[in-house]
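**Q** This note's numbering puts the first residue of the sequence shown at 450, with every later residue one more than the last.
Worth flagging that the hints you see were computed from the coordinates, not collected in a lab.
Watch out, some of these pointers could steer you wrong.
As the list claims (entries may be wrong) - Distance ranges between label pairs, derived from CB positions:
hint	residue 1	residue 2	range
1	Lys515	Ser586	39 to 49 Å
2	Ser526	Asp491	23 to 33 Å
3	Asp655	Ala503	39 to 49 Å
4	Asn598	Thr642	19 to 29 Å
5	Glu488	Thr642	19 to 29 Å
6	Thr642	Val531	27 to 37 Å
7	Thr591	Thr642	18 to 28 Å
8	Ser677	Ile498	47 to 57 Å
To be verified - Think about it this way: if two alpha-carbon atoms lie no more than 25 Å apart in a straight line, the pair counts; the simulated DSS-like pairs of lysine-lysine are:
hint	residue 1	residue 2
9	Lys535	Lys506
10	Lys597	Lys506
11	Lys494	Lys543
12	Lys597	Lys543
13	Lys494	Lys535
14	Lys515	Lys600
15	Lys543	Lys506
16	Lys543	Lys515
17	Lys543	Lys600
18	Lys494	Lys515
19	Lys506	Lys494
The C-beta atom is built at its ideal place from N, Cα and C for all residues, glycine as well.
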Amino acid sequence: MLPLAVVFGLAFSSATITKAEAVQTNNTEQHEVLGYTQEDYDLIKQRQIEMGVAPEKAEELIAKLKNGEVLDADVLSPEDAVNTVKVVNGDTTKITYFFPDGSAAQTEYTDPSVTTNVSKGSKSKGTILPQSISGGSCTTVTYTTTCKNRKVSYQLVTYGFSFYADYTIVGPDYDSIQWAGNWNIWVAGGNYTNPSMRIIRARETDSAKAEARLSATINLPSGQGSISRSLSLLVGDDSATDRWNAYY
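Given these sequences and hints, build the entire structure.
**A** Right under this line is the structure:
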């Protein structure tokens with residue numbers, strides 16, 4: 450499993466949102482954009498190999514960074530991946546995306562749900578079965594599963610996002626998110642600004658899932674510019690999934 454906090458030349462920050470409402474934490478202070486150190490390169494190579502990149506390819510990726518180029522995994526969306534590997538271990542799902550230049554990104558989230566049909570108004574909803582829960586802090590009573598402090602993570606080549614959340618999945622009713630916080634953002638060689646951890650939608654509706662979102666502006670090293678990225682937890686239709694967004 451990926452470590453929660455990996456820091457390559459920049460300390461991470463964290464904050465906690467304690468209410469199911471749109472609360473935003475901003476940090477607009479600008480910092481000098483740094484460059485990669487040898488330690489950065491070594492750790493980037495190690496993490497890429499851990500994600501399944503061949504050592505020879507990892508060396509090529511480091512050479513690309515040293516040449517001032519940006520790796521595909523850091524700027525492309527998961528939909529642009531040329532290969533996807535999904536591993537499910539209990540209620541933890543880990544998906545690795547491989548991009549055209551050979552770089553990899555990895556997402557990880559926990560989802561306790563399996564479904565059988567239960568009517569919820571005009572929608573077919575699922576019963577959350579106790580045997581689908583393995584590890585973590587989830588409890589099930591009848592059709593309601595309450596999950597505490599569940600991790601959502603997306604790790605790229607030179608930066609990564611993660612946070613924790615509490616949410617409830619209700620077989621015959623709408624699902625909801627109660628809390629999201631304890632977030633972590635790391636950037637190798639650069640920095641980030643304007644972090645925001647907020648609950649976009651606390652309760653699932655007929656047309657949209659409940660959503661918590663961690664956003665930031667990533668300032669890439671060596672004058673490569675800035676990009677806005679965000680990581681969402683989506684809870685609805687009796688399941689919990691994540692989504693990586695190429696927007697704030």
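**Q** Now, for every hint given, state plainly whether the structure supports it.
**A** Checked hints:
| no. | hint | result |
| --- | --- | --- |
| 1 | Lys515 / Ser586: 39 to 49 Å | holds, 43 Å |
| 2 | Ser526 / Asp491: 23 to 33 Å | holds, 28 Å |
| 3 | Asp655 / Ala503: 39 to 49 Å | holds, 47 Å |
| 4 | Asn598 / Thr642: 19 to 29 Å | holds, 27 Å |
| 5 | Glu488 / Thr642: 19 to 29 Å | holds, 23 Å |
| 6 | Thr642 / Val531: 27 to 37 Å | holds, 31 Å |
| 7 | Thr591 / Thr642: 18 to 28 Å | violated, 45 Å |
| 8 | Ser677 / Ile498: 47 to 57 Å | violated, 29 Å |
| 9 | Lys535 / Lys506 | holds, 21 Å |
| 10 | Lys597 / Lys506 | violated, 39 Å |
| 11 | Lys494 / Lys543 | holds, 20 Å |
| 12 | Lys597 / Lys543 | holds, 19 Å |
| 13 | Lys494 / Lys535 | holds, 21 Å |
| 14 | Lys515 / Lys600 | violated, 33 Å |
| 15 | Lys543 / Lys506 | holds, 22 Å |
| 16 | Lys543 / Lys515 | violated, 29 Å |
| 17 | Lys543 / Lys600 | holds, 12 Å |
| 18 | Lys494 / Lys515 | holds, 12 Å |
| 19 | Lys506 / Lys494 | holds, 9 Å |
In this structure, the hints that do not hold are numbers 7, 8, 10, 14, 16, in rising order.
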